[in-house]
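**Student:** First to last, the protein sequences are chains A and B.
Every position in the first sequence, counted from 1, becomes a number in our numbering once 29 is added.
Every position in the second sequence, counted from 1, becomes a number in our numbering once 29 is added.
Quick caveat, the hints were computed from the structure, so don't treat them as lab data.
Please read these numbers as outputs of a predicted model, since none were measured by experiment.
A couple of the hints might just be wrong.
Just so you know, same-sequence chains aren't split out, so a pair can sit in one copy or run between any two.
Claimed, not checked - Think about it this way: if two alpha-carbon atoms lie no more than 16 Å apart in a straight line, the pair counts; the simulated EDC-like pairs of lysine to aspartate or glutamate are:
#1 K182 to E206
#2 K145 to E219
#3 K167 to E96
#4 K362 to D95
#5 K40 to E379
#6 K362 to E90
#7 K46 to E150
#8 K145 to D175
#9 K145 to D117
2 protein chains.
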Amino acid sequence: MGSNYSSRRSKLIRQLKNLGVDGLLISGLSNVRYLTGFTGDSTWLFVTASDTLMLSDTRYETQLEDECPGVGVRIRDARRSMNDVVSDVVRESGIERLGIESDHLTLSQFHALQSKTEAIEFIFTASAVEQLRQIKDKWELEQIRDAIRFAEKGIAVVRSMLRPDLSERQIRFILEEAMRSFGAGGTAFEPIVGVGPTGALPHAHAGLRLVSDSPALLIDWGAQTFSGYRSDLTRVFFTARPTRQMQQVYEVVLKAQQAAIQAIRPGVRCCEVDAVARNLIAEAGFGRYFGHGLGHGIGLDIHESARMSPSSEQVFEAGMVTTVEPGIYLPGKFGVRIEDDVLVTAGGYEVLTSVPREFADAVV
Amino acid sequence: MGSNYSSRRSKLIRQLKNLGVDGLLISGLSNVRYLTGFTGDSTWLFVTASDTLMLSDTRYETQLEDECPGVGVRIRDARRSMNDVVSDVVRESGIERLGIESDHLTLSQFHALQSKTEAIEFIFTASAVEQLRQIKDKWELEQIRDAIRFAEKGIAVVRSMLRPDLSERQIRFILEEAMRSFGAGGTAFEPIVGVGPTGALPHAHAGLRLVSDSPALLIDWGAQTFSGYRSDLTRVFFTARPTRQMQQVYEVVLKAQQAAIQAIRPGVRCCEVDAVARNLIAEAGFGRYFGHGLGHGIGLDIHESARMSPSSEQVFEAGMVTTVEPGIYLPGKFGVRIEDDVLVTAGGYEVLTSVPREFADAVV
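Looking at chain A on its own, in the form it has when it is part of the complex (with noise of 0.2 Å):
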């Protein structure tokens, strides 16, 4: 597949020692595929300087085989639990400190991981994996242009559809079949569909509106390649002559989504380029009309680190992919964001994303 699964352990393996833990028991979900190209769940990494394996049970087994050639496996039948083998192979390691995966692991699932494990002592390491994965290697980095690449083609289908009693979810079913038919595996995330008011909820399922009932139609959507990695865009098209206020809207965010992008190179911090943003569209009187974070990583997971917002101290570093995405939302009326997809290059940045986002562009 061109992904080297081992050299992104062997990069864990080099920070046990800053991390002061003898192993690592990794149980995010998407952490364990990164790091071995499983694709099923219930099954955790259990990592140290000697040794790698994979901790599942039967359902997996043949599946374990086939995804990651190589990599140690204890399989547990259905009489004993996650726990009963975590406590195996920690005892058989011989480790005296083990990092487990706070943002992860749930209380109740770290009590119980204690009470079977009791010689060890547990450091908590919140993010070592996702830390990995913010930057980005050259084949992610053809997933994700991939995963671009079928939603791109798949809005174009839908822009070229596009007429007045074509409900909300009847264009998040036409996109959705659109981005498959070029190649995707699913959506990154349920596309949300907004006309008019329903655009101004930034998080709204697509329903039953039509796209007569306004001239603004809000689309946020993404696609995901088989291989697991995501896109997410927006745009708003007009589907008939847009009102004085939703131009002038239109371009504010416009102006500050691209003041934004201009502001991206390596060493700049996420709460710096979300200020650029966020201060166009406060000069404008918009300030209020726009809540949430300017943007965030995108790869495995359709929200990753960093995250850009008011408070975010996180700093930008080549090989980054981060969403931007501004918006101004007026409740009961409609709602503006334009988001695209942007790689922190060395030089500055390369926004991945080519869908045309002029307001003459947006107008169908």
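Once you have looked at the hints, place chain B on chain A.
**Tutor:** Leaving out everything else, chain B in the frame of chain A:
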């Protein structure tokens, strides 16, 4: 909608004393939806004897008004964290002992919460809402019956369209689109479509294998209503003359499933029903090829309490809906699983699903 969210919350409030708490913080997404009807995310529910507050952010301000009329809402802006708001409402309420959902809250979330909310005592309540959700009310049963109907109409379309050159993936997409065209909001989970050896992987992804590659085709699928309720079925179809072993395995699985279903009634332990099927499969010599639990509750989540496994001491009660899904998987050859959705009734059980399941029905 016919659903009574406030009576569900009243049931929970009546349990505060038994749980040893003055208030509860509900952070599980499906639990919040169950208690309020809210369909978004990133939103927690704070409940005391006198207060009911949704803790959310500006993205959901209008949606909360629409979906949860009469419920108090506390909206934070992008500069404040969820824990800041929890800290506020806990202080204002004057409570001393706060119940948290230890099955949902991660270690990181809990530690952040603790650091913001020092004066109170936290009580771990693992599954208070999950226990309420086990017993489905009349409206919920209607939703599940709808989800089953969409799934059954969908599989009838697939069955009518089966032909040798279809791939697993094509079948998956035909099925998903058919379920939607009958009124489903989507799938209950990623449908499993496995020809021959793929069907021997209990949780395989639909791939590129063709129907013509083996007589045995396993499909595990379900629909989801727009209200969020799910169905879950599995059938095996023989698209060419099945081998004698295929027929033998099929008959063993069906016998095990039917015997297990007939053992379901209020008061019986889940492990006892599991044992009925497991013993029959073991007696037929296939014990080591059935590695997973016999079934699980369904509802707003695809896997709910109660779970049927050899170690499950949970007891069936009238109003529960469970899958019954024994399987035999012969690695590299084929798999047979037969799965139906069963309601526990006062007098015993009612099988809610009606897709034919005799061996003769399986031969298409």
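**Student:** Each of the hints needs a verdict: does it hold here or not?
**Tutor:** To see whether the hints hold, each was checked on the structure:
1. In this assembly of identical chains, K182 and E206 lie within 16 Å of each other by CA distance solely inside one copy; the values are 11 Å within and 19 Å between copies.
2. In the homo-oligomer, the alpha carbons of K145 and E219 never lie at most 16 Å apart, since the shortest distance is 39 Å inside one protomer and 33 Å across protomers.
3. Taking the shortest Cα distances, K167 and E96 never come within 16 Å of each other, neither inside one copy (20 Å) nor across copies (44 Å).
4. For the homomeric pair K362 and D95, the shortest alpha-carbon distance between copies (15 Å) is at most 16 Å, but the shortest distance inside one copy (52 Å) is not.
5. Taking identical chains as interchangeable, the C-alpha atoms of K40 and E379 are never at most 16 Å apart, the minima being 26 Å within one chain and 54 Å between chains.
6. Taking the closest pair of Cα atoms, K362 and E90 come within 16 Å of each other only across two copies (14 Å); inside a single copy the shortest separation is 53 Å, beyond that limit.
7. Taking the shortest alpha-carbon separations for K46 and E150, only the intra-copy value of 15 Å comes in at or below 16 Å, while the best inter-copy value is 35 Å.
8. For the identical chains of this complex, K145 and D175 are neighbours neither inside a copy (44 Å) nor across copies (43 Å), given an alpha-carbon limit of 16 Å.
9. Taking identical chains as interchangeable, the C-alpha atoms of K145 and D117 lie at most 16 Å apart only when both belong to the same chain, with a minimum of 9 Å there against 37 Å between chains.
Of the numbered hints given earlier, the model fails hints 2, 3, 5, 8; all others are met.
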